[in-house]
Amino acid sequence: MTISGLLGFIFILVFFGLMMLFLASGHEQPDQHLRRIAAFGKLRRAIGLAVEAGSRLHVSIGRGGVVGPQSAAAFVGLSMLEQLAGSASTGDKPPVATAGDGTLAILAQDTMRATYKSIGLGDQFEMTSGQVTGLTPFSYAAGVLPLVSDNKTGASILAGHFGSEVALITDAGERSDNLTLAGTDSLPGQAVLYATAHEPLIGEELYAGGAYLNAGPMHEASLRTQDAFRWALVTVILFGTVAALFGLDETISQIIGNLL
Amino acid sequence: MKTRLRAPLPVAIAIGFGLVVLLGYFFGENADGQLTTLGILRDYFLQGAVVVGGVALLVGVFNLASVHAQKIKRGEGAVYSFITLLALALTLLVGFYDLTMTYIQGAPGLYWTRWIFENIQLPVETSLMAVLLVSLTFAATRLLSRRLDLMSGVFVAFVLVLLITAIPVISTRVGLLAEVREWILSVPAVGGARGILLGVALGIVATGIRILTGADRPYGG
Chain E
1 MTISGLLGFI FILVFFGLMM LFLASGHEQP DQHLRRIAAF GKLRRAIGLA
51 VEAGSRLHVS IGRGGVVGPQ SAAAFVGLSM LEQLAGSAST GDKPPVATAG
101 DGTLAILAQD TMRATYKSIG LGDQFEMTSG QVTGLTPFSY AAGVLPLVSD
151 NKTGASILAG HFGSEVALIT DAGERSDNLT LAGTDSLPGQ AVLYATAHEP
201 LIGEELYAGG AYLNAGPMHE ASLRTQDAFR WALVTVILFG TVAALFGLDE
251 TISQIIGNLL
Chain V
1 MKTRLRAPLP VAIAIGFGLV VLLGYFFGEN ADGQLTTLGI LRDYFLQGAV
51 VVGGVALLVG VFNLASVHAQ KIKRGEGAVY SFITLLALAL TLLVGFYDLT
101 MTYIQGAPGL YWTRWIFENI QLPVETSLMA VLLVSLTFAA TRLLSRRLDL
151 MSGVFVAFVL VLLITAIPVI STRVGLLAEV REWILSVPAV GGARGILLGV
201 ALGIVATGIR ILTGADRPYG G
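So the sequence lines, in the order shown, correspond to chains E and V.
Anchor point for the first sequence: position 33 equals 33 in this note's numbering, and the numbering is continuous, going up by one each time.
Anchor point for the second sequence: position 113 equals 113 in this note's numbering, and the numbering is continuous, going up by one each time.
Just to be clear, a hint being listed does not mean it is correct.
Below, in silico cross-link-like pairs of lysine-lysine (DSSO-like), each with a Cα-Cα straight-line distance of 27 angstroms or less [said to hold, decoys possible]:
| # | chain 1 | residue 1 | chain 2 | residue 2 |
| --- | --- | --- | --- | --- |
| 1 | E | 93 | E | 152 |
| 2 | E | 93 | E | 117 |
| 3 | E | 152 | V | 71 |
| 4 | E | 93 | V | 71 |
| 5 | V | 73 | E | 42 |
| 6 | E | 117 | E | 152 |
| 7 | E | 152 | V | 73 |
| 8 | E | 152 | E | 42 |
| 9 | V | 71 | E | 42 |
In case anyone wonders, no lab produced these hints; they're calculated from the structure.
In isolation and in its complexed conformation, chain V is listed as follows (with noise of 0.2 angstroms):
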């Protein structure tokens, strides 16, 4: 196998810790429950990542900013980043100033964060889950205009069975109608479920064996 590194320090140090969290994974106790060294060694290594990925999300913060900014900058949709900006501004001071309170009450408060995420954040997104619901449902309709063929015909019929089957007033008059919705979710939907997670588990183990060896490299290494 060929492969060109380029950054051999960067790819040397992650499949070194990728290979002791993992050996940690299999390894990390022994048969009395007691960590291992190895098993020590990888729970400190995922402290470590959690902790980065905290640090990450504020440069994520950054990003984001940084991002409408040059927005405005440029004249792209600059109502829309100028407000976006002004939310986040607003939220860090409303944030600072709780921290603050209960710093200075020596009990947690967070009252106004509260309330944004209550009143702003909450309603914004159920409004989204609604704008979905409806998406969801012309989606359904155009998927047989856009896909004919047998596996779209039958997910169609599938998504229509359980939608009718899910009206109490139906499913209790109609016993047999009841059978057919628990048969559904219980014998096809559960095995079709199963077989694609097994897929995607050895895509997942196969995903990872790449990044351990380097074939992989998603830090630019």
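So that you can see chain E by itself, here it is in the shape it has in the complex (with noise of 0.2 angstroms):
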């Protein structure tokens, strides 16, 4: 057992004794502890709207697959997805949700059928509500525009890893007027969302998906225990900041670097 390892575990065991702690404590009222995202309340219209109007609601759970960092944003996207279909199931189209990679449209394809199947609309589930559209970014990106740019789509919701590339996406949708929320955990990929998406998702709004698309209590408990964590973050670099000024960085060093 190494010193490091030893510290993200206490870390790990914090960040999940907080989120117990939240649970435990946020049954009253579930939705109180949330700050406002206008992307969530336009979704929620957007939801409603297509079911209304008979269009279709497109998910996107980029191409980061299932191994490594990127795979959290396509999780999330998962959670969103299983959300989403459950409220849009009435509606004339079913929701479609495509990926640029095979194991996540797989996953696509599970959370599907297991929502329809659990609100008992089994048989309205088809094989190509979860789709490839491609392997390599640009040719997912290409293949995700077709059903983006279509009539029948009423908005398109991208929560995964996406690059650069996801700009050819969003533009489809302004330009089929069609609303466009996405999120990603790639730092370029925000950027180019932020100039270019109707409602863009910044850092980590898009791991606060669940909690406001009523996934479940646990998802509001993980984002208190972000938002817990975000401040003790802040304190530890103000104070970093402060010790700095002061000349005491060094010496500050030196007793953490003794006591490791």
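Since each chain sits alone in its own frame, please combine them into the complex, following the hints.
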């Protein structure tokens, strides 16, 4: 066992403990701790409009794969897909999920099949509800374009790992006048989305998707835990800045080095 | 917490394997740097995941083919779907031919596969990149008309300053502009990027814990 391994494990344990604490304390009014994110309000409205107008929702979960840190963004996309598939299942056209990775497409199909089955609409599921549109960044984006541009698509939700090629998709959404809500874990992708998407999700907003779409109390508890840790990090960064200002940073580094 | 399990067995397997890999990550090596049992199990499971990912690539290709075959059947953009399937079949044939020749000659060749990538795939993707440049420029000009607020103004102002100061003639003649560019890139841009990355990292940890506890089940369980 190494010290860094032990510290990492303690970090995860504290994170998990706080999540459980917030989960236990947040049952009375589940939404009271959520700040307003305009994108999710518009998404709820878009779901309602899509069901009324008989158009479909398109959910893109990116091309990140399931091995590596990029998988987290894709898993958030899958959580959002589960909620959206349930909400929009009463519409004429069932939602369609696209992915740039075979494993993610299988998971998307599985998520939609399980969601439909759980609400008694198992016969509505089609294997083409989860599609691989391309296996390289640009072929993936090019494959998604017809779906986004289609006038039967009411809104596109992009939640997963995307690079700058996502601009091609959001541009198609802009031209067809469909709502495009998009978030990614990649920094260049976020910069591009800020300029091109109707409703960009910046930084941790992507990971809040489940909580805002009522995916369960655990999502809200994890969001509150992230907030608590963010404040702790802000405090540490400010403390470090003040310490550096007074020339104490080297002394503190030495003390921490000796402790470790 | 009320957790409704649709398939308890996959959930139990996913949680079990996830916990072993997580613990293997923290306690996979002892103080001497040698792999512990947890470390060996972690590597074994991760190698398995990579193999499954490789097989899933094949499944992805079949999925792509079946979606386009159905589009041809329904007559939706049938021409494009037909071209896609034809290109897929031809590339597969060329790949098999190259592999066979490699096996017969006993030396890696893959001449025609490389030819396809260098003369078809690469130019097409490069042209898409050029289209991307136009899309981004157009989007930046539309940003202020779509979302007129302080942050959009700051975004556009910084983009303009960075684009102008990237022109060598300007940055070499006006030293102050080069310094401004350097300051933007090394102070606000790096600070903002770090802030966003910290938020993303916390989000990744939260997502991982939700999956490990079975609150999120991206496998339909």
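Tested hints:
no. : hint          : result
1   : E/93 x E/152  : 8 angstroms, holds
2   : E/93 x E/117  : 17 angstroms, holds
3   : E/152 x V/71  : 15 angstroms, holds
4   : E/93 x V/71   : 16 angstroms, holds
5   : V/73 x E/42   : 36 angstroms, violated
6   : E/117 x E/152 : 25 angstroms, holds
7   : E/152 x V/73  : 19 angstroms, holds
8   : E/152 x E/42  : 19 angstroms, holds
9   : V/71 x E/42   : 31 angstroms, violated
Consistency note: the structure conflicts with the earlier hints numbered 5, 9.
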